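Chains as they are written, first to last, in this note's numbering: chain H, 1 to 226; chain W, 1001 to 1757.
Heads up, some of the hints might be wrong.
Said to hold, decoys possible - A few chain W residues that don't get close to chain H, going by computed Cβ distances all over 10 angstroms:
# : residue
1 : T1040
2 : K1087
3 : A1100
4 : T1150
5 : H1462
6 : E1484
7 : M1513
8 : P1651
What the hints assert, rightly or not - Below, computed lysine to aspartate or glutamate pairings styled on DMTMM-like, alpha-carbon distance capped at 20 angstroms:
#  : chain 1 : residue 1 : chain 2 : residue 2
9  : H       : K21       : W       : E1484
10 : H       : K120      : W       : D1534
11 : H       : K21       : W       : E1590
12 : H       : K152      : H       : D68
13 : H       : K21       : W       : D1591
14 : W       : K1536     : H       : E183
15 : H       : K117      : W       : D1531
16 : H       : K90       : W       : D1540
17 : H       : K143      : W       : E1484
18 : H       : K120      : W       : D1528
19 : H       : K200      : H       : E98
20 : H       : K21       : W       : D1729
It is worth saying that the hints were derived from the structure and are not from the lab. These numbers come from a predicted model, not from an experiment. Here a beta-carbon is modelled for each residue, glycine too, at the ideal position from N, C-alpha and C.
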Amino acid sequence: MIMAKVDAEESIIRRNRPGTKSENWCSWPDEPFEEMDSTLAVQQFIQQSIARDASCVDEILTPPDGQDEGVWKYEHLRQFCMELNGLAVKLQTECNPETCTQMTATEQWIFLCAAHKTPKECPAIDYTRHTLDGAACLLNSNKYFPSRVSIKESSVAKLGSVCRRVYRIFSHAYFHHRALFDEYENETSLCKRFTVFVTKYNLMSKDNLIVPILEDMQSLPSESEA
Amino acid sequence: MIDEGPGSLSGGQGNPMMSGGPGMSGRPQQDDNNQRTQYTMPGILHFLQTEWARFEMERSQFEVERAELQARIAFLQGERKGQENLKQDLVRRIKMLEFALKQERAKYHKLKYGSEMNPDELKPPSFDKDNMKDEVIETNPVASPATTATWRQGRQLLRQYLQEVGYTDTIIDVRSARVRSLLGLQPQTDTGEGAQPALVNGDSMNNRRAIDQGKARGSGKMPSYVEGALMDSEASVLATFDFLANENVADDDDENLSDENEEGISADDENDERIEKSRSKIKTAGIEGMAGVDDGEAEEVLAEFDFLVSETGEGAGEAQSHGDGPEWVKKELGSPNEEWGVDQQLISKLKEEYKKERKTRKTTGGVQSGGNLASGNRKAGVTVNNNPDEELEAISVGLGELAEITVNNDADPANYDQITAPTEVFRKTWNAKYTLRSHFDGVRTLAFHPTDSVLITGSEDHTLKLWNLQKTVQSKKAASLDVEPVYTFRGHMGPVLCLAVSASGEQCYSGGMDSTIQCWNIPSSNIDPYDSFDSKVLQDTMVAHTDAVWGLSIHNTKSQLLSCSADGTVRLWSPGTKSPLLNTFTVDSEDGVPTSVDFVRCDPGQMVASFTSANTYLFDLETNKQILTLETKQNSESGSNNQINCVVNHPTLPITITAHEDRHIRFFDINTGKMIHSMVAHLDAVTCLAVDPNGLYLLSGSHDCSIRLWNLDSKTCVQEITAHRKKFDESIHAVVFHPSKPYIASAGADALAKVFV
């Protein structure tokens, strides 16, 4: 409604002003990547494409021409961690330390929480929170990621371990809180996007991708193509 | 001759009975003799004159003697008091030793037999008996002058002797040395002895060592055997007590704490009594307060202080009486007396030294307590908390600079004395000190804790984070410190848009795009960031709005909350109650939706709400009615899109300030609704406003990436800081003042929050 009031003659002002209704949140016309002069252009670009259609995973994961891959991966991981907060909120209501005493997915592994000085068997919900908090600290660390425009190669190497840990949240939700996972996945396609992302940029080994979402996804495009 | 006129007159009147009387009666006889022996007139006159001169001499001698004696009396009285205090102190020490011994025995008994001893035996020493004795002694001299006389004789002898060896100077030396040593400022020359102080007690143990050393030194210097012996015994007693106290302190940790406290209280009571009694005008309580702050085991040191203070107090009295004497002598005498001239010099010297001594004591006191606090000795605070009554007592009795020093030091070192000198503080420029990076997306809102260096931020990444500015991470750049959050609040299913912290600092409320208002119990700012999940942090969720909640305002005293939402309503809440929603306010739909709300600070029954239509209304919270329309829309230049992004009320004056999309900040009188002032404040839309707690300065943030500080009086910009980068066309979402500390903070679309000092 407010957005509608923006003068068409003037250049479009992309703002969520106070009073913006939730349906109008970020509902401005797309800005071409070339016109983004902000230091946060990559984030803007990613968020813009997610807002357009969250299920278009491949489109979201296609970088603009000439985009530095390190920054691209970094910004995507930031976005994943941010959106995983939503899953964590949902998990908080259902996944409590009494029922999920350990961070598990399949019975094969118990994951130790790396947020502590000595890795610890945290309950699943704590593992989730700690991992996300730790990821937030690392990805915002002035030491490793002082700039969001160019990122050192050594810091890019850190992204793999963040992905590995963060992925366990998906796997735990999938194997232990399936209804919740499905609900969230339907809204966001986050696990799908994540799986494609880590596969595309080789951030995790295929063996670790235990949520059978790629299979579904591989079947999906073929269906749509058909 | 004229000068002598009144002198002779007064002389004649001064001793009419003693000398004048007989003289008068003798005169006629002399006249008779005159006639008989044929004295010449000049001869008679000469005789009379010589006689007169003789009388005058005698009289003045008498006066001198009298003055001297009076001064001596005063001196001796002062000395006696000093001795009394010394005795009293020693008696008290003995009592305390006895008590300590009893405690030891009780402990031993308990350990051995596993049962409590007779509790009567464990009573802390009461000093009533002492006081009784004191009173007896004090009345004694009056009752039996005979004993006093002999006493005085002995004293005089002693004093003469002491004067020969320069007692007065020495005693001052010793006193000041003791004071200094008490305050721990004694240069530790005897490090061999004091090198290994049992640090159980921290400073006070050091002090104690120093006392002992000082005592030992003093006694070494002391020419008087009596005093020397006294000091020696005192030192040894102290040393013994030291040892005992040590053990006592060790016990503190377990069960003897209450005993210690009792002891402290009784000692304190005693001090109070003594303050009244000693009639010394020294500000004992100031020192007492300081001593109280000093350390846990302060009671003992305190007693020592008290003793010293009263002693020096007597010294003052002494000097005073000496001082009074000669002045009066001078007036009466007319001609200066040799002996007294010397004494006057001595007195002034005494006075000077005494003043110096006092000064040293004061400064050392200040330095010491300051040092204690600066060195992070938080014990002081603990003491205050533990024995608030005691402390209050001390402070209420306490006066003078020392008490003030204590209070000042008690405050946080980072604390700014905004209350005392607001203008001075704001004359300084604010510099970015902390960068708060941990959010993944734009920070929409932030709020400070009412008292601590703690703030909470709310972000579009759906989380809120708690930051403790005292927990910083070393950063490469020394200019700004990085802070990591201590807690992440997860509960919103969408961007967090607004935030309010309760006046107690225990709860906070956040409104979000998900239409909810979440009520959080703020965890301790020293919580381990990777602690286990506590579901009690999310206290409650208040659901009533049907669209994004964009504004919150909390009332400090009423614990009521206002919220405004994109669903077009403003709601009044009473968080924490069964049905928290108290009231709902709506306006005509053509006004769009509310963008910002704020309680009227000078009238808690009212609130203002601004709307996307650029209208601002004043509501009465009781009657649920619009009272007034502020002329916000009429004064807007363009009707198209000039919504108000933020509305705040002045903390004390009936003024409402609005931040407009058209780059203006406007000021309105709440009573009339008329505009007071309008100014183009930024290069782009003004998004946020904050008024400092004193109502002198205004802070504004804008999408032009800058925050600006305005003097509310002159409406001029005092400082501009470029704070955040742009994301799309947004830059700064919120600015805020700390309610009690020298911090300002800004929240930006670049996912950072910054704190300026």
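Going through the hints against the structure:
1. Listed as a non-interface residue, T1040(W) keeps its Cβ farther than 10 angstroms from every Cβ of chain H; the least gap is roughly 115 angstroms.
2. Non-interface call for K1087(W) relative to chain H: holds, since the shortest CB-CB distance, roughly 60 angstroms, exceeds 10 angstroms.
3. Every beta carbon of chain H lies more than 10 angstroms from that of A1100(W), the smallest distance being close to 44 angstroms; the non-interface claim holds.
4. The beta carbon of T1150(W) is kept farther than 10 angstroms from every beta carbon of chain H, the shortest such distance being approximately 78 angstroms.
5. Separation of H1462(W) from chain H is inadequate, the least Cβ-Cβ distance of about 5 angstroms not exceeding the 10 angstroms criterion.
6. With 10 angstroms as the threshold on Cβ separation, the claim that E1484(W) sits away from chain H is violated: the shortest Cβ distance comes to roughly 6 angstroms.
7. Not every Cβ of chain H is farther than 10 angstroms from the Cβ of M1513(W); the closest lies at roughly 5 angstroms, contradicting the non-interface assignment.
8. Distance check for P1651(W) against chain H: the nearest CB is about 22 angstroms away, which clears 10 angstroms, and the non-interface claim stands.
9. With a C-alpha separation of about 32 angstroms, the suggested pairing of K21(H) with E1484(W) is violated against the 20 angstroms cut-off.
10. With a C-alpha separation of about 18 angstroms, the suggested pairing of K120(H) with D1534(W) holds against the 20 angstroms cut-off.
11. For the suggested pair K21(H) and E1590(W), the alpha carbons sit about 16 angstroms apart, so the restraint of at most 20 angstroms is met.
12. Taking the CA atoms of K152(H) and D68(H), the gap is about 11 angstroms. The hint holds against a cut of 20 angstroms.
13. At roughly 15 angstroms between alpha-carbon atoms, K21(H) and D1591(W) fall within 20 angstroms of each other, so this suggested pair holds.
14. With a C-alpha separation of about 26 angstroms, the suggested pairing of K1536(W) with E183(H) is violated against the 20 angstroms cut-off.
15. At most 20 angstroms may separate the alpha-carbon atoms for a hinted pair to count; K117(H) and D1531(W) meet this at roughly 13 angstroms.
16. At roughly 16 angstroms between alpha-carbon atoms, K90(H) and D1540(W) fall within 20 angstroms of each other, so this suggested pair holds.
17. For a cut-off of 20 angstroms, the pair hint linking K143(H) to E1484(W) stands: about 13 angstroms separates their Cα positions.
18. For the suggested pair K120(H) and D1528(W), the alpha carbons sit about 15 angstroms apart, so the restraint of at most 20 angstroms is met.
19. Taken as a hint, the K200(H) and E98(H) pair is broken in the structure, with Cα atoms around 37 angstroms apart against an allowance of 20 angstroms.
20. Under the criterion of a C-alpha separation no larger than 20 angstroms, the hint pairing K21(H) with D1729(W) is consistent with the structure, at around 18 angstroms.
Hints 5, 6, 7, 9, 14, 19, counting from the list given before, are not met by this structure.
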